[in-house]
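Chemist: Chains A and B are the protein sequences, given in the same order.
So for the first sequence, the working numbering puts the first residue at 1; every next one is plus one.
So for the second sequence, the working numbering puts the first residue at 1; every next one is plus one.
Hints in this document: simulated from the structure, not taken from any laboratory.
Since the structure is predicted, the reported quantities are computational estimates derived from the model, not experimental observations.
Heads up, a few of these hints could be off.
Chain B is nowhere near these chain A residues, computed Cβ spacing over 10 Å in every case [said to hold, decoys possible]: (1) S64; (2) D70; (3) R225; (4) L319.
Computed beta-carbon distance windows for the label pairs [to be verified]: (5) S31(A) / S427(B): 55 to 61 Å; (6) A257(A) / E494(B): 57 to 63 Å; (7) R69(A) / Q87(B): 40 to 46 Å; (8) T300(A) / N501(B): 46 to 52 Å.
Ideal Cβ positions, reconstructed from N, Cα and C, are used throughout, including at glycine.
The lines below spell out each chain.
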Amino acid sequence: MISRVAGSCFWLHRYLERAQSVAQLLRVNRSFVLDVPVDEIEKHYPLIIVCGEQARFDARVEPSLRHDRDVVEDYLTWDGESPVSLRSSLYWARENARTTREVISLEMWESLNDVWTFVRFGAGRRKYNTDRDAFFKRIKDGCDLVLGQTESTLLEGEPLDFMRLGRFLERANQTARMLDVKHHTLGPPRGAETPVETAQWNALLYSCGAAEAYHKRWPARPDGRSIADFLVKEPDLPRSVLGSLLRARDTLARIRAAGHPALGVAAERALDALVAHAREAPLGAALHEELTHVIDETTTICVALERDYFDPGDQRALLEPAP
Amino acid sequence: MFRGGNLGAGARIVRDPAKARVLASPLVVTSIRAHGRAEREPLFARYRPLDGVFDEIFTPSGKARRGLADVVRRLDALGERELKLRQRLADGAFLRAGITFRVYGDTRGVDKIFPFDLIPRAVSAQRWEALERGLEQRVYALNRFLEDIYGPQRILADGVVPREIVLGSKGYLPALRGVRPPGGVYVHVAGIDLVRAPNGELLVLEDNVRTPSGVSYVLENRLVMKRVFPQLFAQARVRPVDNYPVRLRESLRSLSRPDARLVVLTPGQYNSAYFEHSFLARRMGTDLVQGSDLFVHDDRVYVKTTRGPERVDVIYRRIDDEYVDPTVFRPESLLGVPGLVGAYAKGNVVLANALGNGCADDKAVYPFVPAIVRYYTGEDAILGQVPTFVCADPTSREHVLAHLGSMVVKAVDASGGYGMLFGPSASKKQCREFAARLRANGRGYVAQPVVELSTCPTWTPRGPAPRRVDLRPYVVTGSSTWVLPGGLTRVALEEGSYVVNSSQGGGSKDTWVMAEDGAEDPEAAE
């Protein structure tokens, strides 16, 4: 497929996955802070850190307002300059869809338009002001619908695989970020927490849509260590770091097998290394470093994909027969 | 056709219109119950055509034109409430489908819906046939004209068109003299803008033979019409338009190898017609590319793919001439493909439309088109056109300046309603500005007396009212020529307005070319 279009497919799904994940995060946090007596600073501000928006947010918002629920939620929902706000993610998802209309399905396009129209025009604003939980749910569900329609309406092939690749890498990234923030507020998982800490770990499970899966696999009392382990290393869990990376690796292998042998080499190598790392990493005191490594390396992989597949510059060299 | 079985049901529907509506759509039931009284008034009960203006559907006395009585009766039966309801359904369908365009100079709004009016513009089969012949003749002549201009220039030597008008046109590209595109086809797609004068005659207002747009609206409008008026369509015999993309693809391939790789080249997603570029690529089953996706090596064009470079044979390009190749035209252009003109000159790629067509649809060349038609065909032009003053000529220019208030002044190389002055509604300041421009650059402008454009009933908040319309049919040429049976009817939605451009507050309507043979001329009723 056309290189640029492959890039748009990849980014379409990264943004969808991101919007889905941020909407879920905001939603879970709302109910979580009602249950648990945590300090004001731990209630909403961590959301900004999860999303990697600390620098931009702090530069824009004065210290006295940074812990205000509405300020944080407004920022992560509506801010036009933040690349992770729901509005931005959906805007860019739709822009990428607009440039790939000839490869995505009508079903995907209409559903994405629906959720974008909801955010863009008055209906979303009204819902946000009157029933915020329903607003976040509507966005999460809208993204889920498009993600599901992707699997149920597209032909197997390169466009679908590039979408999956974007989705899985973004997912690995999001899960790593969410875990990392818990690390900031809770310290390393120990295996024996206070009830408040356990509630926080539970909220993390919900944010990752992994609570029910965890309870099925973990019959004992929930604790931080097993939850962190589950979210990083459980290969069967679609949103775990390793699970996402394994799915990304399978997808990239298919793309490589069908394509020019010179393309995708660097990305594959980096992804293999990251998979091995995620499998073996010790999750105790070094959890933060491990998660930072995952976040940095997904960026490395994306840069390699960009160079080989999405924005290859000059392809003249590939015209000559290989020496 | 299941004639026997359906006839009875049809007859029942005619006797009991309310029942027919109930069958058609459960949504409608509520509206009938809630507003039963308002439903009873026929849709056009209070519609009156304007004095001295031709109406597409009604005679001056308010009767349906011959051949259109059936369509009018069916619309009448809907009533205002229901039309309003269906208009909402249609608007929702457009928004949902993301059928939008962008207006330049509007930084925030980004996507807008091209307003769509549900009341169709109908054309009888007989009328259409005559129009088809006129369009084929005109496009044939413009093609021969371009072949001549980029070849021997006989028509200039014979003095039929002034040399300086053609060679002085911004659209003329001297570098391409001697390059003959495959099949001698220059105008692969033409969009000829027509208006109907008060006497009922269709006149050519302008030719678009560079990159005419709008055909996606023709196809999408029809889809939405079918969705909101299923039973109307089942009964009216309207010729289909949805095979356009496939006809275009076949036509373009006929000029290259049978398995030719075809791409649609767009300036990108911020272009006002991006939706259309994407739509056509999708419906033609081809890739939509931008300039940066292509490169030229050894005078051959390649597209960058995730599997390495692949050869391209035909480019349906929607980028203006001056942007296609920064090594030949605008060096700062990022939209084009360096080396593309070289590949084209070598005959290694078909460009549709050809480069340099702008000297054929230059508004200063337009007044000579009837002579051009006569020169290459030996026949008189079938289609009439609007009297035009070429402001390069001092006598004409003075006439225009003296009558600016009743003229439409157009820049010769602009389109889309940009760069024009509509005399009757222009401010004094605008008139002064244009007068200065005319004096400074006569060659840059032409002027035409305002044509009393025909009207078509159009939905307004106060019921159907006459609004001005034009018509853009599409003509596709490969190894043969084909006219799409339909076209873009644009409508000036503001009361009293003559400006139909989408960028200037215009909307569109579905254009129904009726299929019945030997149909009566709709204009012959009075």
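Chemist: Indicate whether the distance between the beta carbons of S31(A) and S427(B) respects the range 55 to 61 Å.
Modeler: holds (60 Å)
Chemist: Starting from the hint 40 to 46 Å, judge whether the C-beta atoms of R69(A) and Q87(B) obey it.
Modeler: Roughly 42 Å apart at Cβ, these two residues keep to the hinted range, so it holds.
Chemist: Classify the label on D70(A) as holds or violated, using whether its beta-carbon is more than 10 Å from each beta-carbon of chain B.
Modeler: Given that every Cβ of chain B is farther than 10 Å from that of D70(A), nearest at about 25 Å, it holds.
Chemist: Is the nearest Cβ of chain B still more than 10 Å from the Cβ of S64(A)?
Modeler: holds (32 Å)
Chemist: Starting from the hint 46 to 52 Å, judge whether the C-beta atoms of T300(A) and N501(B) obey it.
Modeler: Between T300(A) and N501(B), where Cβ atoms are some 50 Å apart, the hint holds.
Chemist: In this structure, is the beta-carbon distance linking A257(A) and E494(B) contained in 57 to 63 Å?
Modeler: holds (59 Å)
Chemist: Does the no-contact call for L319(A) survive, Cβ to all of chain B over 10 Å?
Modeler: Its Cβ does come within 10 Å of chain B, the nearest being 6 Å, so this is violated.
Chemist: Verify that the Cβ of R225(A) lies farther than 10 Å from every Cβ atom of chain B, and report whether the claim holds or is violated.
Modeler: holds (42 Å)
The structure shown violates just one earlier hint, number 4.
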